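First to last, the sequence lines map onto chains A and B.
All residue numbers for the first sequence refer to numbering that gives the first Met the number 0, where the first residue is 0 and numbers rise by one.
All residue numbers for the second sequence refer to numbering that gives the first Met the number 0, where the first residue is 0 and numbers rise by one.
Hints in this document: simulated from the structure, not taken from any laboratory.
Just so you know, these numbers come straight off a predicted model, no measurement behind them.
Every residue gets a Cβ at the ideal spot worked out from N, C-alpha and C, and that includes glycine.
Fair warning: there could be bad hints in the mix.
Some chain B residues well away from chain A (every beta-carbon gap over 12 angstroms; in silico) [unchecked claim]:
#1 Arg14
#2 Leu17
#3 Met138
#4 Asp266
#5 Glu279
#6 Leu376
#7 Phe446
#8 Glu483
#9 Thr488
The calculated DSS-like cross-link candidates involving lysine-lysine, where the alpha carbons are at most 30 angstroms apart (straight line), are [as the list claims (entries may be wrong)]:
#10 A:Lys31 / B:Lys231
#11 A:Lys31 / B:Lys508
#12 A:Lys31 / B:Lys264
#13 B:Lys187 / B:Lys263
#14 B:Lys447 / A:Lys31
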Amino acid sequence: MSGGALTFMVLAWTFVLGLTAWCFYRLLTAPKR
Amino acid sequence: MTATPASAREAWGSRLGLILAMAGNAVGLGNFLRFPRQAVENGGGTFMIPYFIAFLLVGIPLMWIEWGLGRRGGERGEGSTPGMFAALWNHPVARYLGVLGLFMPLVVLIYYTYIESWTLAWTVFSVTGAYRGLDQEAMRGFLASYQDLGNQSVHGFWVPFVFFVVTLGLNILVVSRGLMAGIERLAKVAMPLLFLFAAMLMVRVLTLPPTAVGSPVAGLDFMYSPEWGALKNPSVWLAAAGQIFFTLSVGMGTLQAYASYLRKKDDLVLSGLATCATNETAEVVLGGSLAIPAVVTFFGVTGAVQIARAGGYDLGFVAMPLVFQQIPGGPLISALAGFLWFSLLFFAGITSSVAMATPCLSFMSEHFGWSRGKAALAVGAVALVLGLCHILFYTGGFLDEWDYWAGTFGLVVLALVESVLFMWVFGPDNAWEELHQGALVRLPVIFKYVMTYVTPVFLIVMMIWWTVSPDGALPRLLMKPFPESEHATRWASRAVLVGIVAFQLWLIKAAWARRARLSGGGR
Numbered sequence: 000m001s002g003g004a005l006t007f008m009v010l011a012w013t014f015v016l017g018l019t020a021w022c023f024y025r026l027l028t029a030p031k032r
Numbered sequence: 000m001t002a003t004p005a006s007a008r009e010a011w012g013s014r015l016g017l018i019l020a021m022a023g024n025a026v027g028l029g030n031f032l033r034f035p036r037q038a039v040e041n042g043g044g045t046f047m048i049p050y051f052i053a054f055l056l057v058g059i060p061l062m063w064i065e066w067g068l069g070r071r072g073g074e075r076g077e078g079s080t081p082g083m084f085a086a087l088w089n090h091p092v093a094r095y096l097g098v099l100g101l102f103m104p105l106v107v108l109i110y111y112t113y114i115e116s117w118t119l120a121w122t123v124f125s126v127t128g129a130y131r132g133l134d135q136e137a138m139r140g141f142l143a144s145y146q147d148l149g150n151q152s153v154h155g156f157w158v159p160f161v162f163f164v165v166t167l168g169l170n171i172l173v174v175s176r177g178l179m180a181g182i183e184r185l186a187k188v189a190m191p192l193l194f195l196f197a198a199m200l201m202v203r204v205l206t207l208p209p210t211a212v213g214s215p216v217a218g219l220d221f222m223y224s225p226e227w228g229a230l231k232n233p234s235v236w237l238a239a240a241g242q243i244f245f246t247l248s249v250g251m252g253t254l255q256a257y258a259s260y261l262r263k264k265d266d267l268v269l270s271g272l273a274t275c276a277t278n279e280t281a282e283v284v285l286g287g288s289l290a291i292p293a294v295v296t297f298f299g300v301t302g303a304v305q306i307a308r309a310g311g312y313d314l315g316f317v318a319m320p321l322v323f324q325q326i327p328g329g330p331l332i333s334a335l336a337g338f339l340w341f342s343l344l345f346f347a348g349i350t351s352s353v354a355m356a357t358p359c360l361s362f363m364s365e366h367f368g369w370s371r372g373k374a375a376l377a378v379g380a381v382a383l384v385l386g387l388c389h390i391l392f393y394t395g396g397f398l399d400e401w402d403y404w405a406g407t408f409g410l411v412v413l414a415l416v417e418s419v420l421f422m423w424v425f426g427p428d429n430a431w432e433e434l435h436q437g438a439l440v441r442l443p444v445i446f447k448y449v450m451t452y453v454t455p456v457f458l459i460v461m462m463i464w465w466t467v468s469p470d471g472a473l474p475r476l477l478m479k480p481f482p483e484s485e486h487a488t489r490w491a492s493r494a495v496l497v498g499i500v501a502f503q504l505w506l507i508k509a510a511w512a513r514r515a516r517l518s519g520g521g522r
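Just chain B, with the same shape it has in the complex:
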């Protein structure tokens, strides 16, 4: 017996709608906030070389693996990884390994929605002129007051709560309306607007007049001038590969969930490649031409590097508002630029976060017979309660722990598990045939070998390095990089993560027990 008959499942309304939803899933805050910060911190042009290599050897192959895995699962009525893995490997361990594809999207959804709510807040602040006239130190204080409930020098303690609840509510509203009426419709509106806003801002940024410290051209020059010697540094390679994971949303469980709504005759080779390409256009062409050239123009290359290293969100939420105030044209143009920047971030965020809600929603609907609305409300309630922990304990490192274990390290773990299952357990020939069912183009056969050998080896090397490197998993686990004052919050944060995994493993056990009961005692 399958979770839900494949014929009874929802389907995408159109090919374009599917691509826009998939691209919306991939294009997120990482394209416009994380990418410039990673590029600046890792030497600009030096970062771009391993970035493109990782895109070809890991990013695109994993995209195809996840689409193939998802469609195959969907044909068996499975919209989440426990069932998808069980369909590939007839062993009880398979479904429990699939917990990764429920854990990661739920955990990332919760803290990601909180960051997404900042973009909504800053959109409003841009229009109301809340940060107009602030200098760099005051702008830092503006962000710090929002992040720290104990610091009410600028914002009341209730402000982050209000924006978080509104953002989460919008997400739940979209997913509760279903695939076509909710997710696909959102993507068809938000994605064109995102590209339009980003293109408008890009034109404005690249035509800024030079200042005493820099210019847009100096920003682009920094971005595309590699220092060949720095390529020997493994941390640059890891940062680049990590960015590819984050930006394409691979290793998360969300692409598989969307792909499960494909039909057997639907193409996935060209569609998966189109998703990768669209994401890279948003990241390299648009994301790379906004924050870095703008910040280098007004702060110089050295200033941009300092800002990027000062804090994870300083580039987007401190430096960019300062840049907008200095754009020629007066307060109206400043407000418009701020509105375009933060609303495009919000569109990028919400089209990704609705994807993160989908695997858990599918799991509860397909395995426990819950309606989509009921499942959406349940996911929303969990996200609301746990999201409040992030607001309350952000400054103690609560969010940072989740971002590392689920949003960084966990992605590689799931990617490795799924690539081994799909390419080795299912078999390279079966996988190749599965990918080419309904394909509009045939892949060069070299990709079969890349997906079978190169991608898993790349992932294993990444995992080992990430575990033992000075700022990697092992030192982090032992709290070495963190001040004593944060230890209690970080341990509490980890305890919640363990609790989520344990609960989801129990749900998987209960789901299969229910299935066995309904099918009259089968395994």
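For reference, chain A alone in the conformation it holds in the complex:
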């Protein structure tokens, strides 16, 4: 796998997984209304 492809894949996965994790962390730790 080329370095460029690996970098792109790591960036894409980090963005997607990071966004998902952050959203669920904030949602599940938010006070109930």
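Take the given structure of chain A and dock chain B to it, following the hints.
Okay, now just chain B, sitting in the frame of chain A:
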């Protein structure tokens, strides 16, 4: 007078249940079948760059617009777009524009349930070993015999009917049980199973040993190696933006229907973003790591491109079963892999199709006082009758017409209408305030400008290009890309679509006339 008092409407049982149902709505067959095919056909890594740009500039903003539109409608007792649009724009045209949000989900529900029934059939075939030992040509014949009733070389003519009726019946059963006991409960079971099955398969695919023609790493390399020069090709951008629409289920009328069950104090900014993010995890991380690496391992990059271009469903229903037969471990592992793949597709499909039934169900319940069970049966009866047309005339292009006009072009039309209504007619300041009612996070203000200017302009450009491009709406309307033998079926298919729109417009007229009568002569 409103359709149904907001206080009398159902509500989501929990925040997690809502997110899972919304994510279930978004995560569908498109994540695992359409995305890999689009990526392969449009150059792999080249496709991924406009894909992420469209996600940020169109996908996420439209998700927020639809949640905002839906919640605002729900507060006024409106669970479908005719009433939601009328609540934004006090003009009779508004409710008739809302027909788009009844037409699209009903039409897509009907043909989508048919494709979903294939996944149920292939789950059974995987377990029974029906396709075991077939080579590529025989596997193509296996799919072709299922799709073409005139070709009974493998399957009896009754087989597709049975799986379609069972699939549709399951959908109707779920929606008839209501929001919490039906849709939310299904999402809480199906979504974790979907992610579990996909993760198990992903581990198996990515650890496959290399073959003479390829490897999983070669598949990932293809997926993430852009050719910068190919980005000048507008069709790659259109394909990427189209995929974002299809995968997030925006422009369909279904997200608005689910969001109408939110309360004013409920967050929608973070929840909408969580829905987008969950969908992208399913698509980019899981969907992108299954079909492409697996097929590239056994057929090479060139072979994968050929398979993707051979037919809309060859990657999922022909190539993947062939891959599973070649996975080390014998027939049991092959059957297990097939079961995991097709049952995860079925879970992805059913959590989306129940959402597609919801707008029409809400409309009939709220405007004509029908019980949920009665409305579900009516939607099911329509879907059954029209779904049979797809089974009978699939090979003549009947389904392809519906998929293009409602499932592709129509999504952009509804998205443009709703974004103009929400951001321009309702006003950017009102829209911004509406989105932040109950919000758990505040959005960067730049998104206000993106939603007001960038998103609608992006949609207008998409619509124009889709209309005039060589394989776009205008040439299609004139039947230029199709053989003479398909013209009659395709015109018949379009006539049915026109009939559905006309009937739904008449229903909207009747609903408002009824409302006026009940409220003593108001507009």
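Cross-check of the supplied hints:
no., hint, in the structure
1, Arg14, "violated, 6 angstroms"
2, Leu17, "violated, 10 angstroms"
3, Met138, "holds, 29 angstroms"
4, Asp266, "violated, 7 angstroms"
5, Glu279, "violated, 5 angstroms"
6, Leu376, "holds, 36 angstroms"
7, Phe446, "holds, 15 angstroms"
8, Glu483, "holds, 44 angstroms"
9, Thr488, "holds, 40 angstroms"
10, A:Lys31 / B:Lys231, "violated, 48 angstroms"
11, A:Lys31 / B:Lys508, "violated, 41 angstroms"
12, A:Lys31 / B:Lys264, "holds, 11 angstroms"
13, B:Lys187 / B:Lys263, "holds, 24 angstroms"
14, B:Lys447 / A:Lys31, "holds, 27 angstroms"
Comparing the model with each earlier hint shows violations of hints 1, 2, 4, 5, 10, 11; every other hint is respected.
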